[in-house]
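Construct the entire structure; sequences and hints are all you get.
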Amino acid sequence: MTTDASDALLRVKNLRVAYEAAGRRVEAVRGVDFEVARGEVVAIVGESGSGKTTTAQAVIHLLDPTARVGADELAFDGIELTKLSRGQWREVRGARIGLIPQDPVVSLDPVKKIGEQVAEALRVHKLASRRAAGERAVALLELAGLSQPALRAKQFPHQLSGGMKQRALIAAALAPEPELIIADEPTSALDVTVQKQILDHLENLVRERGTAVLLITHDLAVAADRADRILVMQGGEIVEQGAAAQVLGSPRHPYTRALVAAAPALASGRLQPSASVRERIETDAAPRTPRPPLLTATNLTKDFGSGRDRLRAVDAVSFEIARGETFALVGESGSGKSTTARLVARLETASDGTVVLDGQDYTHARGERLRQLRRRLQLVYQNPYASLDPRFTVADAVDEPLRAFGRPRVERARRVTELIDLVALPASFASRRPAELSGGQRQRVAIARALALEPELLILDEAVSALDVSVQAQILQLLTDLQAELGLAYLFITHDLAVVRQVADRVGVMQGGCLVETGAAAGILESPSDAYTRRLLEAIPGREFTTTPESSAQ
Amino acid sequence: MSELILNERFTDSGPEAETRHEGEPTGEARRRPASVTRFFIAAGKRPGLVISVLVIALVIVWALAPSLFTHQDPLVGNVTDRLQAPSARHIFGTDNLGRDLWARVVYGSAQSLAATFLAVVLALVVGSVLGLLAGFLRGWVDDVIMRVMDVVLAIPTVLLSLAIITALGFGTVNVAIAVGFASAASFARVMRSEVITISTALYVEAARASGVRWYTVLRRHVLPNSLGPVLSLSALEFGTAVLAISSLSFLGFGAPPPAPEWGALISEGRNYLATSWWLTTFPGLIIVAVVLAANRVSRAFEKNGAAR
Numbered sequence: 001m002t003t004d005a006s007d008a009l010l011r012v013k014n015l016r017v018a019y020e021a022a023g024r025r026v027e028a029v030r031g032v033d034f035e036v037a038r039g040e041v042v043a044i045v046g047e048s049g050s051g052k053t054t055t056a057q058a059v060i061h062l063l064d065p066t067a068r069v070g071a072d073e074l075a076f077d078g079i080e081l082t083k084l085s086r087g088q089w090r091e092v093r094g095a096r097i098g099l100i101p102q103d104p105v106v107s108l109d110p111v112k113k114i115g116e117q118v119a120e121a122l123r124v125h126k127l128a129s130r131r132a133a134g135e136r137a138v139a140l141l142e143l144a145g146l147s148q149p150a151l152r153a154k155q156f157p158h159q160l161s162g163g164m165k166q167r168a169l170i171a172a173a174l175a176p177e178p179e180l181i182i183a184d185e186p187t188s189a190l191d192v193t194v195q196k197q198i199l200d201h202l203e204n205l206v207r208e209r210g211t212a213v214l215l216i217t218h219d220l221a222v223a224a225d226r227a228d229r230i231l232v233m234q235g236g237e238i239v240e241q242g243a244a245a246q247v248l249g250s251p252r253h254p255y256t257r258a259l260v261a262a263a264p265a266l267a268s269g270r271l272q273p274s275a276s277v278r279e280r281i282e283t284d285a286a287p288r289t290p291r292p293p294l295l296t297a298t299n300l301t302k303d304f305g306s307g308r309d310r311l312r313a314v315d316a317v318s319f320e321i322a323r324g325e326t327f328a329l330v331g332e333s334g335s336g337k338s339t340t341a342r343l344v345a346r347l348e349t350a351s352d353g354t355v356v357l358d359g360q361d362y363t364h365a366r367g368e369r370l371r372q373l374r375r376r377l378q379l380v381y382q383n384p385y386a387s388l389d390p391r392f393t394v395a396d397a398v399d400e401p402l403r404a405f406g407r408p409r410v411e412r413a414r415r416v417t418e419l420i421d422l423v424a425l426p427a428s429f430a431s432r433r434p435a436e437l438s439g440g441q442r443q444r445v446a447i448a449r450a451l452a453l454e455p456e457l458l459i460l461d462e463a464v465s466a467l468d469v470s471v472q473a474q475i476l477q478l479l480t481d482l483q484a485e486l487g488l489a490y491l492f493i494t495h496d497l498a499v500v501r502q503v504a505d506r507v508g509v510m511q512g513g514c515l516v517e518t519g520a521a522a523g524i525l526e527s528p529s530d531a532y533t534r535r536l537l538e539a540i541p542g543r544e545f546t547t548t549p550e551s552s553a554q
Numbered sequence: 001m002s003e004l005i006l007n008e009r010f011t012d013s014g015p016e017a018e019t020r021h022e023g024e025p026t027g028e029a030r031r032r033p034a035s036v037t038r039f040f041i042a043a044g045k046r047p048g049l050v051i052s053v054l055v056i057a058l059v060i061v062w063a064l065a066p067s068l069f070t071h072q073d074p075l076v077g078n079v080t081d082r083l084q085a086p087s088a089r090h091i092f093g094t095d096n097l098g099r100d101l102w103a104r105v106v107y108g109s110a111q112s113l114a115a116t117f118l119a120v121v122l123a124l125v126v127g128s129v130l131g132l133l134a135g136f137l138r139g140w141v142d143d144v145i146m147r148v149m150d151v152v153l154a155i156p157t158v159l160l161s162l163a164i165i166t167a168l169g170f171g172t173v174n175v176a177i178a179v180g181f182a183s184a185a186s187f188a189r190v191m192r193s194e195v196i197t198i199s200t201a202l203y204v205e206a207a208r209a210s211g212v213r214w215y216t217v218l219r220r221h222v223l224p225n226s227l228g229p230v231l232s233l234s235a236l237e238f239g240t241a242v243l244a245i246s247s248l249s250f251l252g253f254g255a256p257p258p259a260p261e262w263g264a265l266i267s268e269g270r271n272y273l274a275t276s277w278w279l280t281t282f283p284g285l286i287i288v289a290v291v292l293a294a295n296r297v298s299r300a301f302e303k304n305g306a307a308r
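Note that the protein sequences, when read in sequence, are chains A and B.
The letter at position 297 of the first sequence is residue 297 when you use UniProt numbering, and the numbering goes up by one with no holes.
The letter at position 4 of the second sequence is residue 4 when you use UniProt numbering, and the numbering goes up by one with no holes.
Honestly, the hints are just simulated from the structure, not real lab data.
Heads up, some of the hints might be wrong.
What the hints assert, rightly or not - Okay, the calculated beta carbon distance ranges per label pair:
#, chain 1, residue 1, chain 2, residue 2, range
1, B, Gly139, A, Val105, 30 to 36 Å
2, B, Ala43, A, Trp89, 51 to 57 Å
3, A, Leu347, B, Gly228, 24 to 30 Å
4, B, Ile51, A, His61, 19 to 25 Å
5, A, Thr349, B, Gly228, 32 to 38 Å
6, B, Ala167, A, Val105, 53 to 59 Å
7, A, Ser161, B, Leu159, 44 to 50 Å
Claimed, not checked - Some chain A residues close to chain B (C-beta under 10 Å, calculated; not the full set):
#, residue
8, Val194
9, Leu373
10, Asp389
A quick note: this is a predicted structure, and the numbers were derived from the prediction, not measured.
Note that CB positions come from ideal geometry on N, CA and C, so glycine has one too.
Next comes the structure, spelled out in structure tokens:
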């Protein structure tokens, strides 16, 4: 992939970035080399902390002032970027190197109209007069795929959805017709269907104009779909680079292989319990027989607000979950799936309909009766950073439910040790506090806490969505093993259909508060009958690269 | 398990392999033993704070063991030495009865500080409990408590304290109670807003979802996590209380005459303002120093709290 010198638009040699804080030196990027040719789309893939965003920010000179940047060469179209003054940077940044930021919600000025913000990009680079810039802005918004661009230009950011905001940002980045666009996780905050539309659109625009793109993403599947070349970063270094098909088809570095194997969109089929667990539970290997449902939700409805402002978040949703089964509820943001989970967990009370656990109707249970019920039904949250009390040690957190139900002290201590072991954390972690743990480890603690009372149903509200793919894969495997060992039923709430394929027995698809389709996971994922489900499935990135776990593990 | 196999591939194994793979903050990020040198370096960077802590410490030692600082009697003086200017023998001078002013200031700190502590503790306890209940229970409890607090806040503190003292009678303890109640409202407000924030935290909901009773949630999660700002407010309030109690004792509501109290000392000295400046100036400067020091210390608490 050695590109001709004249072709390389961006050339980076031995880029190093280090942060110094409290007398300690942290090397975020250590010796990165890469090139981006004109019109090429290059993706940098890595997990959080791999240095991918730092690399991009070093290129566009937007790092924190405390960062120390060093490079043998950091050349853009022959200009050495490290030597530019602030004034010269203003000529380059925006005009020649555009940036599409990660979070559309915080990246737009809330008190300025959309049109003005796009026009600003033209005006600061003196590419258009005030009047012309306004007109160009509308044209650009249309180009970025916004409907009614003239109206949108006059609106404020809060009047637009997340996807629309991201389109406006793309319009602003494209406005001065830069030669290179740095897109830092441009769609990570968006739903899959919106992600697909935006990426499709961005792709068309850059292909037409021959703009080069440096795409930063944690999602290997997105990179697989969109990039010509992929750079895989780990711990501040590029561990592998090459053409997209080659990196994903025959990864050479063990980290890339692990990443490909862990990416849910690229794997296929239901996860199986690990070998050690299978051995232990071998005895009852009898096939699953139909059992009475553990949980039955009938016509669940939830309204928020009253009168004219009433919003129906969940509309007559009915489903059943059998013992030992995983039922996944999928949908985009705002589809009501999380509210449904909260109704089942009785953190909210349904406006109408019933939830029945093992023959007991607890739709309106209160006080002590509800508390007793909580033993059988536990919840794991999406965000392990917020769901653990920062002052509690791991042992305290896991102990809490046991304590609440007045178990004797000796039994509690034994059970806590057992649970920490069950979620595959070292026993020494018992005395640590959440701040000393990583996201994946915290989520394990949250799972251990949820399992403390030996519940029959575990509600997992986006429990793996905030985690890096390889950690996500570990947690999913853990959940599969626990299910096999303890016979747990899961209500699995997620927006990620690829994850559903790995864990679910049955799937319910939600849209606008209604359950539009339910059925066996394989059936729904292979041959969806509902149009909305089909759209969701088509939007999953990395579909062409679906591999079997066996081939990618080689 | 497969995850362990995964990890062994790209980390240099060991029992902690998994932990490192998940990006855990390594050794240094965890607590290090506080070394003496580091303490002095930190102290050297904030000399104002060091002086403030020393001032507070000194005043507290005065209150606990006044005899270490002076051999003079604070109550009985030699009339022949009356109204002497500061000198080597009487470093703060003497009053109209020939009593050593330094001794009176040192002995007076016991009365003044005891009243201040009592006032702050009272305000802290009453205010926090009311704020905790209002913030956690919400609904009508919140409305009733907070409207009463609004009324309390609307009345000037000194005026309210005067009213309470008039009802309770004179004396140091009563002054303390009056000041304590009058400043409970600000504690209640801060506590309530903290509690509201903490109550909506996910870990509080998680505790409830795992079957913890509401009062246990309050005790184990909400209270410890919302106490920080209230404690730093109490350091600030300490300074204000010194001022309020001195004002009341200046007005003569405190301990009866021979007993020394900072406010009362200034009040007595006022009659000789034209001829004996030291009688008002020195006790006044002591009060100013304590109030400023308390403010500085409270700011340090606040910063630490924010960094946490």
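Hint-by-hint comparison with the structure:
{"no.": "1", "hint": "B/Gly139 x A/Val105: 30 to 36 Å", "verdict": "holds (33 Å)"}
{"no.": "2", "hint": "B/Ala43 x A/Trp89: 51 to 57 Å", "verdict": "violated (42 Å)"}
{"no.": "3", "hint": "A/Leu347 x B/Gly228: 24 to 30 Å", "verdict": "holds (27 Å)"}
{"no.": "4", "hint": "B/Ile51 x A/His61: 19 to 25 Å", "verdict": "violated (44 Å)"}
{"no.": "5", "hint": "A/Thr349 x B/Gly228: 32 to 38 Å", "verdict": "holds (33 Å)"}
{"no.": "6", "hint": "B/Ala167 x A/Val105: 53 to 59 Å", "verdict": "holds (56 Å)"}
{"no.": "7", "hint": "A/Ser161 x B/Leu159: 44 to 50 Å", "verdict": "violated (55 Å)"}
{"no.": "8", "hint": "Val194", "verdict": "violated (26 Å)"}
{"no.": "9", "hint": "Leu373", "verdict": "holds (9 Å)"}
{"no.": "10", "hint": "Asp389", "verdict": "holds (4 Å)"}
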